[in-house]
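Visitor: Here's the letter readout for the chains.
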Amino acid sequence: MSAFRDAGHLFRLAGVFAAGVLLFLVLRSFLVPKSFGEYGHYRGNALAEIAARPVNFAGHETCETCHADVLEKKKDGKHAHVNCEACHGPLAKHADDPSSVTPAKLDTAVLCVRCHEANAAKPKSFPQVVSADHSNGLPCDTCHQPHSPAISAEAAK
Amino acid sequence: MNLTRRHLLLLLPAAGAAWKYVLAGTPEIAPNYKLTEHWWSMLIDLTKCIGCGNCVRACQTENDVPDGYFRTWVERYHVTDYDIENPQVDSPDGGKKGFPPAKDASGKNFFVPKLCNHCADSPCTQVCPVGATFISPDGAVLIDKTYCLGCRYCVQACPYGCRFINPRTDTAEKCTLCYHRITKGLTTACCENCPTGARQLADLKNPKDPIHEFLKTHSVQVLKPYMATHAKVYYNGLDGSVR
Amino acid sequence: MPGVEGFMYPNEIELQWSVLIVLYPFLTGLVAGAFILASLERVFNVEAVKPTYRLALLTALSFLLIAPLPLQLHLGHPERSFEMYLTPHTTSAMAMFGFVYLWYLMAVLVLEIWLDYRRDIVVLSQSTTGVTRLIYRAMTLGSSNISEHALHIDERAGWLITVIGIPSAFLLHGYVGFIFGSIKANPWWSTPLMPVVFIFSAMVSGIAAVMLLYMFLTWSRKQTIDMRCVDTVARYLFYTFIIDFGLEMLDLIHRIYESDESFRSLDFMVHTKLYVSHIVVQIFLGTVTPILLLGATQVLTLTESARKRIYGLAGCLTLVGIFAMRWNVVIGGQLFSKSFLGYTTYKMGLVTREGLLTAVVLTFLPLVILWVLVKLLPPWPERYEGPDSVIAHAR
Numbered sequence: 625m626s627a628f629r630d631a632g633h634l635f636r637l638a639g640v641f642a643a644g645v646l647l648f649l650v651l652r653s654f655l656v657p658k659s660f661g662e663y664g665h666y667r668g669n670a671l672a673e674i675a676a677r678p679v680n681f682a683g684h685e686t687c688e689t690c691h692a693d694v695l696e697k698k699k700d701g702k703h704a705h706v707n708c709e710a711c712h713g714p715l716a717k718h719a720d721d722p723s724s725v726t727p728a729k730l731d732t733a734v735l736c737v738r739c740h741e742a743n744a745a746k747p748k749s750f751p752q753v754v755s756a757d758h759s760n761g762l763p764c765d766t767c768h769q770p771h772s773p774a775i776s777a778e779a780a781k
Numbered sequence: 205m206n207l208t209r210r211h212l213l214l215l216l217p218a219a220g221a222a223w224k225y226v227l228a229g230t231p232e233i234a235p236n237y238k239l240t241e242h243w244w245s246m247l248i249d250l251t252k253c254i255g256c257g258n259c260v261r262a263c264q265t266e267n268d269v270p271d272g273y274f275r276t277w278v279e280r281y282h283v284t285d286y287d288i289e290n291p292q293v294d295s296p297d298g299g300k301k302g303f304p305p306a307k308d309a310s311g312k313n314f315f316v317p318k319l320c321n322h323c324a325d326s327p328c329t330q331v332c333p334v335g336a337t338f339i340s341p342d343g344a345v346l347i348d349k350t351y352c353l354g355c356r357y358c359v360q361a362c363p364y365g366c367r368f369i370n371p372r373t374d375t376a377e378k379c380t381l382c383y384h385r386i387t388k389g390l391t392t393a394c395c396e397n398c399p400t401g402a403r404q405l406a407d408l409k410n411p412k413d414p415i416h417e418f419l420k421t422h423s424v425q426v427l428k429p430y431m432a433t434h435a436k437v438y439y440n441g442l443d444g445s446v447r
Numbered sequence: 017m018p019g020v021e022g023f024m025y026p027n028e029i030e031l032q033w034s035v036l037i038v039l040y041p042f043l044t045g046l047v048a049g050a051f052i053l054a055s056l057e058r059v060f061n062v063e064a065v066k067p068t069y070r071l072a073l074l075t076a077l078s079f080l081l082i083a084p085l086p087l088q089l090h091l092g093h094p095e096r097s098f099e100m101y102l103t104p105h106t107t108s109a110m111a112m113f114g115f116v117y118l119w120y121l122m123a124v125l126v127l128e129i130w131l132d133y134r135r136d137i138v139v140l141s142q143s144t145t146g147v148t149r150l151i152y153r154a155m156t157l158g159s160s161n162i163s164e165h166a167l168h169i170d171e172r173a174g175w176l177i178t179v180i181g182i183p184s185a186f187l188l189h190g191y192v193g194f195i196f197g198s199i200k201a202n203p204w205w206s207t208p209l210m211p212v213v214f215i216f217s218a219m220v221s222g223i224a225a226v227m228l229l230y231m232f233l234t235w236s237r238k239q240t241i242d243m244r245c246v247d248t249v250a251r252y253l254f255y256t257f258i259i260d261f262g263l264e265m266l267d268l269i270h271r272i273y274e275s276d277e278s279f280r281s282l283d284f285m286v287h288t289k290l291y292v293s294h295i296v297v298q299i300f301l302g303t304v305t306p307i308l309l310l311g312a313t314q315v316l317t318l319t320e321s322a323r324k325r326i327y328g329l330a331g332c333l334t335l336v337g338i339f340a341m342r343w344n345v346v347i348g349g350q351l352f353s354k355s356f357l358g359y360t361t362y363k364m365g366l367v368t369r370e371g372l373l374t375a376v377v378l379t380f381l382p383l384v385i386l387w388v389l390v391k392l393l394p395p396w397p398e399r400y401e402g403p404d405s406v407i408a409h410a411r
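Chains as they are written, first to last, in my numbering: chain A, 625 to 781; chain B, 205 to 447; chain C, 17 to 411.
Bound-form chain A, shown alone:
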């Protein structure tokens, strides 16, 4: 007991520390977001917030619900698995309200070379041409129909 006789200041100090810890714990209970820890060490509501982002590309299945005729043309050709928006761009707004957004007419001279311009790094089996030599400056859709690009034997003549 005599050891504690002159230690009053240390007890006061301990009291200050204890008060600080208590204050911290109280503040913490207010400030930690309520959904924190729901699935792991993060704010559970973040999942729904991230999932709620608006979509810009409708996805080919959505296009096909209205444009079944194009799907018909595409399905047996080489572009069967090239999705609509890969060329036509993001059209979720058009799919939601077709009359509000009219998709732009595409310029084949710019669009087609993106994939089909010859490049040493492209797989050898992939159809590629040196566009300057291939068509004498004519736009690609002079001979190729993009939705089914193969040229029939008669048309090639």
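Among the hints, erroneous ones may be present.
DSSO-like, lysine-lysine: derived pairs with alpha carbons at most 27 Å apart [as the list claims (entries may be wrong)]:
no., chain 1, residue 1, chain 2, residue 2
1, A, K748, B, K312
2, B, K349, C, K200
3, B, K301, A, K729
Now the in silico label distances, taken between C-beta atoms and shown as ranges [claimed, not checked]:
no., chain 1, residue 1, chain 2, residue 2, range
4, C, L381, B, N290, 43 to 49 Å
5, A, G644, C, L176, 39 to 45 Å
6, C, W119, B, H434, 30 to 36 Å
Okay, the calculated bits of chain C under chain B, using three or more residues with CB under 8 Å as the criterion [said to hold, decoys possible]:
no., stretch
7, 25 to 34
8, 91 to 98
9, 103 to 114
10, 351 to 360
Honestly, the hints are just simulated from the structure, not real lab data. Everything numeric in this text was worked out from a predicted model, so none of it was measured. Don't be surprised by glycine CBs; every beta carbon is placed ideally from N, CA and C.
Please arrange chains B and C on chain A, whose structure you already have, making use of the hints.
Guide: Structure of chains B and C alone, referenced to chain A:
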């Protein structure tokens, strides 16, 4: 302790209020979407990639990615013969506008699209000091941008260089596997827009997903396997020179 | 791309951590080093360094108070930084460091200073007037007991705090080293030696800083520099330097010998982009030269004024060298691509939030704090020599 009627009269309303509180905090991700039914990954078939850059552009459009930063990008490799230790690599603006003709057509040339690998054991989520980045129960590594401090520790910790700090929000950002699309039954923007099917979203928990058959019949690799991050983006035909 | 050589992953081109993150380990290193010097006297009874004891503690506190500032200025959202205390991620070294910092500040440094100064604080709370009186009264926590027994309890408690404080100081700066050393993605950082190298370089910088401060402040107060003290401090600086240099050489030799996939890229970087900061400033000017200078004072018999000059020069070179070491670790670790195929450049702003001016201000701000602390709690030996001193009452 004997539960008297008085105890119940106090406990039940309290429990009811608490339950409502819990329910209020449970977000609905999307109708009919159950987190535990999915384990997302991606398959990239390098034998099919043509370096068109469609994926990079589509990602930027879908996710509003600022110029100069990349949630996904394409690299072009040139390897002369046997010297796989010294490839020449370029990625002009991340491959966003495609690639110019190769200077040297000899040797081996190919494209490698890259993105966040959504690692099952990710070093980036390990180092986040506050829990702003995490792996969702369905396998997507995501960032809570309202909680992120912008300390950049996760950017340093990623071995693949897929993270960046968005200058508009001053928070960390990266590929989200188009979480807002895949939870609605759509595929990612990059996979939707890939003309050759080189990129394909895969759900490892779905027994009908074609990736299971593919993994059984092809030699696949992940990037930097020695980092033991358990990356979930699988590459078919990944050359030894790829960094 | 301007500033880029070879190939870098597109998101790697811009550096993530700036000069402020270089400054941060430098400041916390000074804290740890100053504290270790103080503990030499308190725990290991190296009586000769007693004149620097209180000054070392105040120096540590000044730098520790400023240390979070570069971090706050660097964050994208400093207003969210409290989240590290609310929801710390236990796997994150950075989050856990928040608590190590808090522990060290409150449970070690502030406590030790308070216990050592308590008698003076009580005396000053009774002898001063006005605002200063209020400050001292607040610091007494309402207790004015300075009986011999109370002071003896303070002495024993202070000793205990210092004993806990030594591993705490190692933890403080070792943790900073671990924050870098645990990043497997970065081969320049990832090594188990990193915390150890950081601790020893911290000790070197802290001892040098206190030595310089003591010499400068004593001279500016027109008092006599206690050469026995300074000679001893310099000797400890010399020993610590040998260990620090040895550790850095071990890391270097190990890298060169193993020559793993990262080595060629890192080696090239050190010889080109980091040539001046690493080879010239850190190794030659900042390590080898001070070691030779201090070594000379150990083997040769030199006059007092020659020794003072050498200590001054060696001390300054040491601080520059240790800063360069932090620079080479932090900035160097971000200059090379993780593909090992390219390099980028650090574009340091001058008057931006994370620029040079901010770094300079933050380096000198602790000295301002120290000036305030020295006025409030004078650390000078004359205060505690003689019959009226703390020592006479406590022992």
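Visitor: Looking at the structure, which of the earlier hints fail to hold?
Guide: Hint 5 alone not satisfied by this model.
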